Amino acid sequence: MGATRIAHITGESWMEATRQRLAGYQAALEQAGQAYDERLVRRTNWQFSESFTATCSLLEQQDRPDAIFCASDWLAIGCYQALAVNGVRLPQDILLAGYDDQKISEQLTPPLTSIQLPYSELGRLAVEYLCNQEDAATHVMLAGRLKVRSSSTRE
Numbered sequence: 001m002g003a004t005r006i007a008h009i010t011g012e013s014w015m016e017a018t019r020q021r022l023a024g025y026q027a028a029l030e031q032a033g034q035a036y037d038e039r040l041v042r043r044t045n046w047q048f049s050e051s052f053t054a055t056c057s058l059l060e061q062q063d064r065p066d067a068i069f070c071a072s073d074w075l076a077i078g079c080y081q082a083l084a085v086n087g088v089r090l091p092q093d094i095l096l097a098g099y100d101d102q103k104i105s106e107q108l109t110p111p112l113t114s115i116q117l118p119y120s121e122l123g124r125l126a127v128e129y130l131c132n133q134e135d136a137a138t139h140v141m142l143a144g145r146l147k148v149r150s151s152s153t154r155e
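The numbering of the sequence shown is the numbering used here, which starts it at 1 and goes up by one.
Hints are computed from structural coordinates only; laboratory data are not their basis.
What you are looking at is a predicted structure, and each value in this text was computed from that prediction instead of being measured.
Accuracy of the hints is not assured; some may be wrong.
[Unchecked claim] Derived SDA-like pairs (lysine to any residue); straight-line CA-CA distance at most 25 Å:
#: 1; residue 1: K103; residue 2: T18
#: 2; residue 1: K103; residue 2: Q47
#: 3; residue 1: K147; residue 2: I104
#: 4; residue 1: K103; residue 2: E50
#: 5; residue 1: K147; residue 2: Q81
#: 6; residue 1: K103; residue 2: R154
#: 7; residue 1: K103; residue 2: Q34
#: 8; residue 1: K147; residue 2: Q47
#: 9; residue 1: K103; residue 2: D63
#: 10; residue 1: K103; residue 2: G144
#: 11; residue 1: K103; residue 2: L22
#: 12; residue 1: K147; residue 2: E121
#: 13; residue 1: K147; residue 2: I77
#: 14; residue 1: K147; residue 2: P91
#: 15; residue 1: K103; residue 2: Q92
#: 16; residue 1: K147; residue 2: A28
#: 17; residue 1: K147; residue 2: Q26
#: 18; residue 1: K103; residue 2: G123
#: 19; residue 1: K103; residue 2: K147
#: 20; residue 1: K147; residue 2: L125
#: 21; residue 1: K103; residue 2: E121
#: 22; residue 1: K147; residue 2: Q34
#: 23; residue 1: K103; residue 2: S120
#: 24; residue 1: K147; residue 2: L22
#: 25; residue 1: K103; residue 2: Q81
#: 26; residue 1: K103; residue 2: A17
[Unchecked claim] What follows is a list of derived Cβ distance ranges for each label pair:
#: 27; residue 1: G33; residue 2: E128; range: 39 to 49 Å
#: 28; residue 1: A84; residue 2: G24; range: 19 to 29 Å
#: 29; residue 1: Q61; residue 2: E128; range: 45 to 55 Å
#: 30; residue 1: E30; residue 2: S150; range: 24 to 34 Å
#: 31; residue 1: Q107; residue 2: Y36; range: 31 to 41 Å
#: 32; residue 1: T53; residue 2: L130; range: 32 to 42 Å
#: 33; residue 1: C131; residue 2: Q107; range: 35 to 45 Å
#: 34; residue 1: L130; residue 2: N86; range: 17 to 27 Å
We put the beta carbon where it would ideally sit given N, CA and C, even for glycine.
Please build the complete structure, drawing on both the sequences and the hints.
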């Protein structure tokens with residue numbers, strides 16, 4: 001059975017990455033037939049210590065989340081620490097996913113499920129833009145790839 005109370009730990013609201021990841025979170029909830037609940041969203045300055053505090057505040061809720069989506073793998077590391085300090089087991093008690101698929105994601109215990117960005121394609125497009133002097137107003141959206149690991153799967 002999937003998660004029904006999915007929290008989101010994200011960054012500062014003025015950042016485009018924050019806005020896009022929050023919009024993706026909201027769209028996924030809607031697609032799953034779940035309501036968006038602002039009480040499950042925590043905004044941080046992208047630091048481990050802030051995600052640690054944000055996770056602790058989520059765990060203090062009477063009806064705490066059964067899953068957390070962090071807007072970066074670095075935020076997820078603070079989340080891992082807070083869960084451990086509070087005796088919450090991954091993935092038995094709560095599911096966790098990150099974003100960016102940093103190399104450390106595979107080394108965490110349990111390994112972190114994350115969205116892998118197409119860095120090679122992003123680099124290729126940047127150089128192509130520089131070489132061809134394309135219109136500066138061009139925006140390109142590339143799809144990431146979900147790397148499912150043990151932090152989000154229950155047996």
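Assess, step by step, whether the Cα of K103 is no farther than 25 Å from the Cα of L22, and give holds or violated. The hint holds at about 23 Å.
Verify the proposed pairing of K103 with K147, using a straight-line Cα cut of 25 Å. 12 Å, holds
Going straight from one Cα to the other, do K103 and R154 come out at no more than 25 Å? 23 Å, holds
Does I77 lie within 25 Å of K147 when you go C-alpha to C-alpha? The hint holds at about 17 Å.
For the pair we were handed, K103 and A17, check the Cα-Cα distance against 25 Å. Distance ~20 Å between K103 and A17 Cα, so the pair holds.
Is it true that Q107 and Y36 lie within 31 to 41 Å of each other by Cβ? Distance hint for Q107, Y36 holds at roughly 33 Å.
Could you grab the alpha-carbon distance between K147 and L22 and see if it respects the 25 Å cut-off? With a Cα-Cα distance of about 19 Å, the restraint between K147 and L22 holds, given a limit of 25 Å.
Taking 17 to 27 Å as the hint, is the beta-carbon distance of L130 and N86 inside that range? 48 Å, violated
For the pair supplied as a hint, K103 and G123, is the alpha-carbon distance within the 25 Å limit? With Cα atoms ~18 Å apart, K103 and G123 stay inside 25 Å; holds.
Taking the beta carbons of Q61 and E128, is their distance inside 45 to 55 Å? 47 Å, holds
Within a Cα-Cα threshold of 25 Å, do K147 and L125 meet the stated pairing? 23 Å, holds
Within a Cα-Cα threshold of 25 Å, do K103 and D63 meet the stated pairing? Judged against 25 Å, a Cα distance of about 33 Å means the pair is violated.
Hints 7, 9 and 34, counting from the list given before, are not met by this structure.
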